[in-house]
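Q: Given chain A, work out where chain B should sit, using these hints.
Protein sequence lines correspond, in order, to chains A and B. Counting in this note's numbering, the first sequence runs from 1 upward without gaps. Counting in this note's numbering, the second sequence runs from 1001 upward without gaps.
You may find that some hints are simply not true.
Label-pair ranges, simulated between beta-carbon atoms [as the list claims (entries may be wrong)]: (1) A:ASP60 <-> B:VAL1158: 40 to 48 Å; (2) A:ILE73 <-> B:LYS1172: 18 to 26 Å; (3) B:ARG1268 <-> A:VAL106: 53 to 61 Å; (4) B:GLU1287 <-> A:ARG104: 41 to 49 Å; (5) A:GLY108 <-> B:PRO1150: 32 to 40 Å; (6) B:ARG1406 <-> A:VAL57: 40 to 48 Å; (7) B:ARG1406 <-> A:LEU7: 18 to 26 Å.
Source of the hints: derived by calculation from the structure; they are not laboratory data. Just so you know, even glycine gets a beta-carbon here, dropped at the ideal spot from N, CA and C.
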Amino acid sequence: MAQYAILIFDDAAAGDYTPEQQAASKRHADDLIDSGAMITAYALQSTDTATSLRGDVVTDGPFIDSKEVIAGICVIEAPDLDAALELARRNPAVQWGRGGVEVRPVAGGIAPVAR
Amino acid sequence: MVARQAVADAHRHEWAFVLAATVRVARDLDLAEECVQEAYAAALSAWERDGIPGNPAAWLTTTAKRRAMDAIRRERTFRSRLPLLVEPEEAVDELAPDTLDEHDEGEAVDLEDAVPDERLRLIFTCCHPALAQEAQLALTLRLVCGLPTPDVARALLVSEQTMAARITRAKKKISAARIPYRMPRPAELPDRLTSVLGVLHLFFTAGHTAPSGPALMRTDLADRALHLARTLHALMPDEPEVRGLLALLLVTDARRATRTGAEGRLLRLQEQDRSRWDRTALAEAHELIVAGLRGGRAGRYLLQAAIASLYAQAPTYQETDWPQIVALYDRLLALWPSPVVALNRTVPLSMTQGPAVALAQVEALEQDSRLSGYQYLPAIKADLLHRLGRTDEASAAYRQARELTRNEAERAFLTARLTDRETPPA
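So here's chain A without its partners, still in its complex pose (with noise of 0.2 Å):
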């Protein structure tokens, strides 16, 4: 098995996401729960609230200013990369017509245990 992150792009300028797509978006993640494949997800807020650092210097707003951000990521475990597009495909924030998904497989991971 090897671990998969599926980043979430969104139009910067959509607005927030309708109560209909984050029900679909709660699905699609129970679904991932429910068969396993569910490392961990988070939804972000909106890059209005970002702020980015590049050396000293700090700035209001997303790292790299472009019309689709990043609005959440989520990890999951899948035994090849067909099986990891697989899941990505049924994410609904595919076929909003608003963003897409990134799929990058994950080269390594710390997460702090219970010491």
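A: Chain B in isolation, oriented as in the chain A frame:
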């Protein structure tokens, strides 16, 4: 000398088979390639000394697999390797030591029948949609055809350095992202097959009309595409689009000898000597098309093949079945709404409804930004204008087409069309 020839033949015909089988053991593309290269090198001296084995592919596969196993055993002791094979159902031990007798003439194992999908795994991995198409092209030439990197670079018109980097990057992605080395599942097959057929078709068109350079054709690339299409058809005989692609390549290739005249000049379809077309290839294509069309829903390659085949079947250009060709284009366009298809449809349309109707459609297509810079649009437009007697406008369009093409044979053709404006319309 005989051994050298046998090794060269085996390189051309068996490379994909040997590599595909070795990857299963090596579980790493680089290691597998290395082992297969070594096996071919070993064959040179061994076949010289002991004679050519009854089944060269089996000899090479056995030798390459054994080298791969040795390498893995050596490596296993000090590092764990990144697994490439995601479904290693047959482990390294599949090769029992007593099958290693390379010179057993009595060995009648038909390898191609025994494991029909080995090469398919390789082809589908090289053409995985998660790889950029330029990487798919490069990997297929390198891994499936066994071309060394400098040759791949030359075939795809990029520098050797760029090509080496492209291949390395693609291989890295295959292993790091775990692109599986397996056949697509039935549900995935249509999409995955589309990538593979797209790669083969691109090779063929690149080989058939070299995008730049002096010769109209880089025949080696076209030959390889045809060979790959044949292999794919042999491996997947029931896939209608594989059949369609093979038929399309056969029909196009059947006219290869007559596409250019003296000094490499490009000849138009109506000028070509039909008696020199390869009738065997045309007949083979026809059978594939008929069987394909009978099979129900025709795909885009099959329809393209049917169109090309109808063009080729007519005893003369004038006797071409234009209405039938327009009808096939309509089906093709419904299935594949590409502006290039719409443009090509205007050619037979000009024969059924006249050049004025066709010209109106070409002018409408000129507004489509996807066709800007496409040299065949002004070329078709020029021909229609010429037939309508609007010679000045025709000349301007020929000039525009000439500026857009980088193939010298095509450019010379357009220059000639420009200079013999006085000739009566075709």
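Q: All the hints need checking, so say for each whether the structure fits it.
A: Hint check:
no.	hint	verdict
1	A:ASP60 <-> B:VAL1158: 40 to 48 Å	holds, 43 Å
2	A:ILE73 <-> B:LYS1172: 18 to 26 Å	holds, 23 Å
3	B:ARG1268 <-> A:VAL106: 53 to 61 Å	holds, 57 Å
4	B:GLU1287 <-> A:ARG104: 41 to 49 Å	holds, 47 Å
5	A:GLY108 <-> B:PRO1150: 32 to 40 Å	holds, 36 Å
6	B:ARG1406 <-> A:VAL57: 40 to 48 Å	holds, 47 Å
7	B:ARG1406 <-> A:LEU7: 18 to 26 Å	violated, 39 Å
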